[in-house]
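2 protein chains.
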Amino acid sequence: MTYCVGLKLDRGLVFMSDTRTNAGVDNISTFKKMYTWSKPGDRVITLLSAGNLATTQTVISILNERTKIPSERAPSIFDMPSMFQTARLIGDTIKSVIHDVDSDGQRADSFGASIILGGQIKGGEPRLFLIYPEGNFIESSPDTPFFQIGEHKYGKPIIVRSYDPAMTFEEATKLLFVSFDSTLKSNLSVGLPLDMQFYEVDTLKLGFQKRIERNDPYYEAISEGWSQALKLAFQSLPTFKMD
Amino acid sequence: MTYCVGLKLDRGLVFMSDTRTNAGVDNISTFKKMYTWSKPGDRVITLLSAGNLATTQTVISILNERTKIPSERAPSIFDMPSMFQTARLIGDTIKSVIHDVDSDGQRADSFGASIILGGQIKGGEPRLFLIYPEGNFIESSPDTPFFQIGEHKYGKPIIVRSYDPAMTFEEATKLLFVSFDSTLKSNLSVGLPLDMQFYEVDTLKLGFQKRIERNDPYYEAISEGWSQALKLAFQSLPTFKMD
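From first to last, the protein sequence lines stand for chains A and B. If you use this note's numbering, the first sequence corresponds to residues 1 to 243, in order. If you use this note's numbering, the second sequence corresponds to residues 1 to 243, in order.
Worth flagging that the hints you see were computed from the coordinates, not collected in a lab. Don't take each hint at face value.
For chains that are exact copies, the list does not tell them apart, and a pair is met inside one copy or across any two.
Stated by the list, open to error - The calculated lysine-lysine pairs, modelled on DSSO-like cross-linking and capped at a C-alpha distance of 30 Å, are:
{"hint": "1", "residue 1": "68", "residue 2": "39"}
{"hint": "2", "residue 1": "185", "residue 2": "68"}
{"hint": "3", "residue 1": "95", "residue 2": "241"}
{"hint": "4", "residue 1": "210", "residue 2": "241"}
{"hint": "5", "residue 1": "32", "residue 2": "241"}
{"hint": "6", "residue 1": "231", "residue 2": "39"}
{"hint": "7", "residue 1": "39", "residue 2": "241"}
{"hint": "8", "residue 1": "241", "residue 2": "122"}
Using the sequences and the hints given, assemble the complete structure.
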């Protein structure tokens, strides 16, 4: 399984993804699920993927034009005039990759994958999309300012309750750490390390990025602190009275 | 959808269930998902159901021997010598109900249902079971002292973090209200009113029970209080620093 979140703030975009993939609980590996294409001053595009690993890796390889010899590669993702066109390119790619394996009579479900796409291209606004395995996609809005893919349920309530578009990147990181920690505590198939990345509006360059490894002191402080804080929060509520 | 929880405490058992059923989001009804058989001094047996409503209602009708004319009904659930035998009876019933509709060539998934069964029969301990649509079942233990069925993910993290077997019934109610509120806030297909019931160890009589209606003052206090308390808890955590 997987857990990835893309969050749109007034200040920019925040991305976080886990790195665990599994084929059964006895076959667990670490794979990066965050990919970035950046050309400073022109564009920064970040993609998070969930679902069948063969599908998502093929999509990335095609986007990187690995179908050509190295000297001829010029990823068309750098030629797209807008984030909308980029989302269409990626949507078409994922649809055709799934169709290729699927058309040999295999079940569709197992090859499925979803993608969160965010970034900014010179001349446009920062945008955030959720791309479905069918190739179509939706864009974030003030009403739905974040997307989650993979094992999204455990970590959703805290985002719903605490998200604020005026948050700083640091506060958003804290929020996502809590959301990821709730997910990790509930589902073995989502695991550390985590990848995180910020994109600041109109900078058109790669923002802060970090891999959060096991034993990261801040992650541990949040994980333990949240357990304690939740207990106190819970105690602060009025007690039920039978009547 | 549905959300039901059965919780085992040192003091006894706590049950809570929502009442929303839906066939699509435009066809929503209220149905009780909590059923109780009690004979004071002899046994109290409570059942929570999730899944296909036709399946669960048929299971309940068969358990109540509605296949017979009213004067001949003597539900065999009152004759079972132990909770384990009761779980087997219910497991066999659900399996055969699903098999009956299923064998006409329809898909199995859509007729599925799960059941939480808890209670005490004279001479035995209070016990709590989770019964699968296949008819087999598992029993709670100190390591897994609660079962959830239906839309269980949103409300799990708070139970995992705050459950304590030494809790009072009142504290357990608070815990389950928070868990249900997180679920209701995240999934439209789980809805008020809620049914709740306590069973106190060795009393062999029905404990406190209540239906929590829309606008219940305690439920509202928990729902609003928890939002506030979570915000404070979140603020109390250390802030991330880029380095």
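Now for the hints, and whether the structure bears them out:
For the homomeric pair residue 68 and residue 39, the shortest alpha-carbon distance inside one copy (21 Å) is at most 30 Å, but the shortest distance between copies (77 Å) is not. In this homomeric assembly, residue 185 and residue 68 never come within 30 Å of each other (Cα to Cα): the closest approach is 43 Å inside a single copy and 49 Å across copies. Proximity of residue 95 and residue 241 under a CA criterion of 30 Å is satisfied in neither setting, with 55 Å inside one chain copy and 39 Å between copies. For a Cα distance limit of 30 Å, the shortest separation of residue 210 from residue 241 across copies, 11 Å, qualifies, whereas the shortest one inside one copy, 48 Å, does not.
Taking CA atoms no more than 30 Å apart as the test, residue 32 paired with residue 241 passes between copies only; the shortest distance there is 23 Å, against 50 Å inside one copy. Taking CA atoms no more than 30 Å apart as the test, residue 231 paired with residue 39 passes in neither setting, with 46 Å inside one copy and 38 Å between copies. In this assembly of identical chains, residue 39 and residue 241 lie within 30 Å of each other by CA distance solely across copies; the values are 26 Å between and 62 Å within a copy. With identical chains, the CA atoms of residue 241 and residue 122 are at most 30 Å apart between copies only, with a shortest distance of 29 Å across copies and 60 Å within one.
This entry does not satisfy hints 2, 3, 6, going by the numbered hints stated previously.
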